[in-house]
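Undergrad: Both chains are given apart, each in its own frame, so use the hints to dock them into the complex.
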Amino acid sequence: MVVGDLTESTEVAVLGGGPGGYVAAIRLAQLGKEVTLINDDVLPGGVCLLRGCIPSKALIEAGNLLHRIPAAAAMGVLADNPRVDWPVLQKWKDSVVQRLGRGVEQLLKQHKVKTLAGRGAFVGSHSLEIRTESGPRHLAFEQAVVATGSRPRPLPDLPFDGEKIISSDQALTLPEIPPSLLVVGGGYIGLELGEVYAKLGSRVTVLEALPELLPGTDPALVRPVKKKLESLGVQILLKTQAKKIKPADREVMVEWTSEDGASGQVTANRVLVAIGRVPNSEGLGLGALGVARDAKGFVKVDARQRTSLSHIYAIGDVAGGIQLAHKASREGVVAAHNIAGEADAFDNQVPAVIFTDPEIAYVGLSEAQAKERGIETSSGMFGFPANGRALTLDDTEGFIKVVAEKSSRRILGVQMVGPHVSELISEATLGLEMGAFVADLDLTIHPHPTLSEALHEAAEGVSGMAIHRYHTKKY
Amino acid sequence: MPKDFIFPDLGEGVAEGELVKWLVKEGDSVKEDQDVAEVETDKALVSIPSPHGGVVENLHFKEGDKIPVGAVLMSFRDGPAAAAPEANKGPESKPEPIPDKAAAKPSPPPAAEARPDAPSPSAAKPAPAVPEPKPVEGAPSPAPSKLPVLATPHTRKLARELGVDIETVRGSGENGRVTEDDVRRAAAPGAPVAKPSPLPAAQAAPAPAPAVAPETAAADFEKYGPVQRIPIKGIRRKISEHMLTTAHQTVMVTHIDEADVDALMLLRQEKKKYAEERGVKLTLLPFLMKACVIALKNYPYLNASLSGDEIVLKDYFHFGFAVDTDAGLMVPVIRDVDQKSIMRLATELVDLSEQARKRSISLEALKGHSFSITNIGSIGGRAFTPILHYPDSAILGLGRTYQKPVVRGGEIKVASALPLCLTFDHRVTDGATAARFTNEVIKYLSDPDLLLLDDGD
Chain A
0 MVVGDLTEST EVAVLGGGPG GYVAAIRLAQ LGKEVTLIND DVLPGGVCLL
50 RGCIPSKALI EAGNLLHRIP AAAAMGVLAD NPRVDWPVLQ KWKDSVVQRL
100 GRGVEQLLKQ HKVKTLAGRG AFVGSHSLEI RTESGPRHLA FEQAVVATGS
150 RPRPLPDLPF DGEKIISSDQ ALTLPEIPPS LLVVGGGYIG LELGEVYAKL
200 GSRVTVLEAL PELLPGTDPA LVRPVKKKLE SLGVQILLKT QAKKIKPADR
250 EVMVEWTSED GASGQVTANR VLVAIGRVPN SEGLGLGALG VARDAKGFVK
300 VDARQRTSLS HIYAIGDVAG GIQLAHKASR EGVVAAHNIA GEADAFDNQV
350 PAVIFTDPEI AYVGLSEAQA KERGIETSSG MFGFPANGRA LTLDDTEGFI
400 KVVAEKSSRR ILGVQMVGPH VSELISEATL GLEMGAFVAD LDLTIHPHPT
450 LSEALHEAAE GVSGMAIHRY HTKKY
Chain B
0 MPKDFIFPDL GEGVAEGELV KWLVKEGDSV KEDQDVAEVE TDKALVSIPS
50 PHGGVVENLH FKEGDKIPVG AVLMSFRDGP AAAAPEANKG PESKPEPIPD
100 KAAAKPSPPP AAEARPDAPS PSAAKPAPAV PEPKPVEGAP SPAPSKLPVL
150 ATPHTRKLAR ELGVDIETVR GSGENGRVTE DDVRRAAAPG APVAKPSPLP
200 AAQAAPAPAP AVAPETAAAD FEKYGPVQRI PIKGIRRKIS EHMLTTAHQT
250 VMVTHIDEAD VDALMLLRQE KKKYAEERGV KLTLLPFLMK ACVIALKNYP
300 YLNASLSGDE IVLKDYFHFG FAVDTDAGLM VPVIRDVDQK SIMRLATELV
350 DLSEQARKRS ISLEALKGHS FSITNIGSIG GRAFTPILHY PDSAILGLGR
400 TYQKPVVRGG EIKVASALPL CLTFDHRVTD GATAARFTNE VIKYLSDPDL
450 LLLDDGD
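If you read the sequences in order, they're chains A and B.
Its first residue numbered 0, the first sequence is counted upward by one per residue in numbering that gives the first Met the number 0.
Its first residue numbered 0, the second sequence is counted upward by one per residue in numbering that gives the first Met the number 0.
With the rest of the complex left out, here is chain B (with noise of 0.2 angstroms):
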């Protein structure tokens, strides 16, 4: 009997990955706890080891897929391993893995199936041989594994009529239901071909001139020159699917302001050598972190989430940080934040973004923020909008410190301004708060030595 690989749980909450890339191929001898393959979940990338050996038979996903747990993965063939007519071809055996370009390459749109040919003389040209015949009743089926696509009569009609072949789409409803929604977002590579009128012309009416019509996400681009598709997946989809989430969950106000950090930015520099003999990078980040924790503890609906009809006050205080990786954004973090001292923070700052670029984040540390800090000034700009980190309630942004005139004692001065622009739900909270909370926030950042002095309580 072969063998049947089933996508194990891969920790609390995960229902499925998508298939990043295969690290073996049909025919290739496992052994025991050989990565088959990469799967990305959430937003980490783990590797899946084969819980026994064998040859394998099929790979029952393609690049790309997701795969429910519990899933066939892979199946095997029977007979030891050794027994493999590919196994042992080089001194190293291990399975080689696809080339990363060949993953990312973009695949082709879905594949524009043949629309029925028009009546016509030419119709009659002989066409090669009809590629699937449907089994004959009585001949024993391949017995498929896989169940018909989880959609509606009327949702796969749609698919034929949009030229998407349904099952390569990705369904985002319930246990994975492809939706008409994602049909037609599937059917965006080619726009959406009109129905042919199944009246005959004599009794089509003439229809009315529409107005321009709206250009759509299906639009056809190709009209007006060259354009590249590039497939949504991994954790741009990901990002994208979030990002939507919070677009349409939340009621986002952005309250921007600046703080003076002259202060801090000296005991900064002050204290980097410190740092530094210590193996910490020191930055401002660490500061900022602390001095929020300590507002939020006087401001809790900035800690929070709207659930239902409750808002929930977190008195956990574990806050994202966004970094910026090669894949895209990904928000690990830090747990108790209040109960952590700068150095430890900064540690952690730096640990943590290390393992998010390197995509070796565990799942888990990339959960359970209650508050979360994005900083785009290493790159540049004075302020922007951040979108929440949904559910969190508040996401503080910063820009890039400049040097700005101030008057103080009736003098002009240069001082160093850091842009703060903090978005919150206007769901939760209002406009109020969130502008006690920023001047409680600047009130640190101008006088870091508070920080040693106030704990919030």
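For reference, chain A alone in the conformation it holds in the complex (with noise of 0.2 angstroms):
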């Protein structure tokens, strides 16, 4: 040990500031754990706050906000030349995450959370080396949390360069609005941000290499999206995959092949490769210590989150499984109350969020998803058109459907788009952590006029009775 290498110690060690980490942090320290947050970012909050959830966000809002005032001409409501600040955007979009950030790192303070800034390494089983600014620091542990995250997945051969070749993080942060961009990837992320490109002006291309927009998403959701995207003017290749992208002076020329045998070319200023993340598991020294990852690099865990050894934690991106921050925060919780000696284990149900217009949200099985698993469905759908709220919002695609098992009516999942949806699905959730069953939706009073009343009608109409439809199908 060199002279003046001290060694702090602290009970818990949680490594990431995101909202698996922080709120980790935040529930051992309520539970009266003594806890050092290891952070590397300038602001607790991770890529969600900083880099991705509000950010996004925010742009998101505003680019609905343009596209609807023209629209609201129908109203009566007329506004001249709506255009885009960008600059004044972007800096408002910075005040919400420097807010939000603030107000974390003041918890944190508040909660007596120790943070150190730096990026942390395992070097012994119970210790960590913490390289700070001013050096490196070491800080011995009783247990520790790893929630570093995940980052995304650059192209093979070709590394991001965050001015032609970006990711989503430069995404959010571009110096202009691009007159035109290209995403390759047709997942929530490069559809979020390529829809509010496409709102605030841009021309955008989208390839993906799936048959489907959203893979993994009921194609049923991904319809109205898609016709939204065309009305845009978002030109949208499927089962396409580009070959090879030149970035050129001031654009880059992109060649793309399609599984049915076409090719072409685009040219974009900017194209956006949103293909996936990758964790951030490397560099941690988890393999000398002997924790246990699989072949993608996600660390193994336990429904406690408990890695391959017991008393570090793995929770997040980083221990693989659905990539949303919600899911980080509860994995977080059920890390804290482990180490805190109480009880837990992630037993949840994950409702899939993504703010394309319209929105997208989902929770438990699709009919798909419970056929596959032998299970005979009834379902139930609404449709917003037929909604008074909605009619009043002017916004009426879209619809929700509830799928229920057919022989108990046990509700098994929840599949909505439209208005506002992102609200709407904590209501099924809920429903599915309770184990609601149809008539638990159908007999509880849905206030009027409410989105949430497409919700009603849809549990209703799984027995054909919806109020406000009139059902073909006699049950």
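It should be emphasised that the hints constitute simulated quantities derived from the structure, not laboratory data.
Treat each hint with caution, since some may be false.
Now the in silico label distances, taken between C-beta atoms and shown as ranges [as the list claims (entries may be wrong)]:
| hint | chain 1 | residue 1 | chain 2 | residue 2 | range |
| --- | --- | --- | --- | --- | --- |
| 1 | A | S406 | B | D164 | 24 to 30 angstroms |
| 2 | A | T449 | B | S361 | 41 to 47 angstroms |
| 3 | A | S406 | B | D308 | 30 to 36 angstroms |
| 4 | A | K56 | B | A246 | 57 to 63 angstroms |
| 5 | A | T449 | B | D164 | 37 to 43 angstroms |
| 6 | B | R399 | A | L442 | 51 to 57 angstroms |
| 7 | B | E25 | A | D259 | 33 to 39 angstroms |
| 8 | A | K108 | B | E25 | 36 to 42 angstroms |
| 9 | B | D180 | A | M74 | 30 to 36 angstroms |
| 10 | B | T324 | A | L442 | 42 to 48 angstroms |
| 11 | A | S406 | B | E31 | 23 to 29 angstroms |
| 12 | A | K56 | B | K145 | 54 to 60 angstroms |
| 13 | B | K145 | A | S262 | 43 to 49 angstroms |
Glycine included, C-beta positions come from ideal geometry on N, C-alpha and C.
TA: Given below as structure tokens:
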């Protein structure tokens, strides 16, 4: 040991300050643990708060507003020449991020969570080395939570340059609205960002290798989104891969070929590569310590979030599973509870939300997934065009579908596409967690006039008895 | 495509069955119509034949599980049965039934799940590889056919706290919902572990010393000495549930009296040979049934049920009678006692008892009772308090006939006395009715010739 190389100690070390890590840290502190949070970002909040959910939603909201203003003429609301002041929008977005990040920082302080700015790596089963600006520091811990998240996956042989070949990180902080944008990858990140720029005036092309946009999502939910993208002039190329990407002076030239044998080329000012995310599990000393990872590098965990070393936990993106902030947060709580000696395990339904236009949200099983498992289903569907509130919002695209087990009428899943469904999915999620049956939704009063009535009527529709719909099929 | 075998509807009103025993195991080759499992419904044991042949790929339930009608019981692998690697092992390719012992062996208490390590240096020991990592998104999951356990997050949390694997808990709620009580019951084998205080030690106020805590079902009996723990399953579980329902749903009073059965004993003795020649074993019970059915016609509130806001008086007279079997108490039902001769009743009593003991009795033969009789006298006992056969409003219990001194015509004589214990539901009727009914039964038992004269109308 070098003189001055002082070893500090803590009960629990949390690596990473995202929505998994900071939630775990706060809960641990609430349960009386002494916690040190090691974070190498400017603020706590992780990708979600700094380079993901929050800034993208800020931009999406602005894009939606701009897009809706001309449509408001039908309501008699007239505004001439609406346009975006990009630097102001960027500033506002940054202010939202700053405010939230500072808030989390404050909360960590109030909970007496020690924070260390730097990058940590395990150098022993109970010690971490943290590279800080002022040099390395050593931290002895009793338990650790690995919450280091994930990062955008680059195309093979084509690293992000931050200029022409950009990741979702950079797509949120572009110096200007690009006149043209090519999005490689039709998943939710690519579509959310692609659609914003289309609304803000970019000419957008989306390349997706699979036959459908938003792979893994019920195709019925994707249809209205695809229709909207097309109406915004987004060119969608499915079953298509980028063959060659050649950055030139001002533009990037992309040659593509499709499975059907077609090929062509697109030029764009920037190429957003959104083909997935890779776990941040290297350089942490996990291998030397014997923490098991899978072939893709995700840390293996059990339902209590314990890794193969029982005093080391992993949560969030780095631990695999669906890459969503709320899933990471719940896992952080599970880890914290277990460290504090409380029995907890991740046995949850994770709602998925996609902030496209219209929004998509779903939880539990789709009809197709239920069939795959050999479960016979009954389902009910209700469209927003028959929902009063949706009409007054002038936003009626989409529907809600409730899927139930045919024999028992237990709710298996709920799928939604339409206005504000990201807010509506929580009721369905609670229903699934509670083991609700269709009658539970059916016999619950939903306030009028609200969008939530569409969920109510979809539940009634399982028995063919939605009030505001004529069911041709008799049950 | 693998074929699934859906647990079939076993008859009217049966929503689920308890898997008692698998007769096949995974990898076995099964022929069409071959019995694959023994399932117990209400009180009958039924063998389930396979609707098709094939190689068993998965058995989706464990012995002791409750299987809802419509659930996938087992699945078959592709390909013809003959292709099975284990097929035709010997001359007889009958599947080897799992020995009874294994099925009867008490299973270990619900896996006391490892509690999280307390923060201590020993926690540093590398644990074995994590057993079941959650599947990573993108990788196609192996499509579990099961739905998540039907329980609220609150109940699931309680299960974790009590170290109960909730997946193995039998749900008593609607549609098999696992309730808080179910979890607490499942936790009984190990005392419930006190939840660790979330407060730091310094903040945790010392709790006031509790008075002596009442012993609960979850008590740690092992503290006081060695015990054996026998899981409640099969008929024992049915009986236990049924008794609890009866105790909760009725208000029971037992009226006790005795009948002088000298004349009846004499009659039975005289006619025993006549019956034997006709292959019938004549006991006191058919006479008693006849006496009861005539009396019941005069006291219909004892051949009744309370249902919601109504008392249902039954115009039929189906008698349940308790049979002690190896597996526990069973109550077969003799239908239309009023329309059957004593000889016929005697025959049915023997037949149904036999079926119950062999457990070949049909589910239907256990249903539809309107009144019941339980005879402990064959074993012994003077008086006892029978429990109603819910939802019946009355049950008559018989003690052991014994000799007692009686005064007749100013002289002390020896008489045979049959103790009668009538339990009735006091919500439905009152003690006076019970006493009058019993008096009438005694009248017929004391003077059995009257059975020829009266039919209760």
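Undergrad: Enumerate the violated hints, using their earlier numbering and listing them in ascending order.
TA: Hints 2, 7, 8, 9 and 12 contradicted; others consistent.
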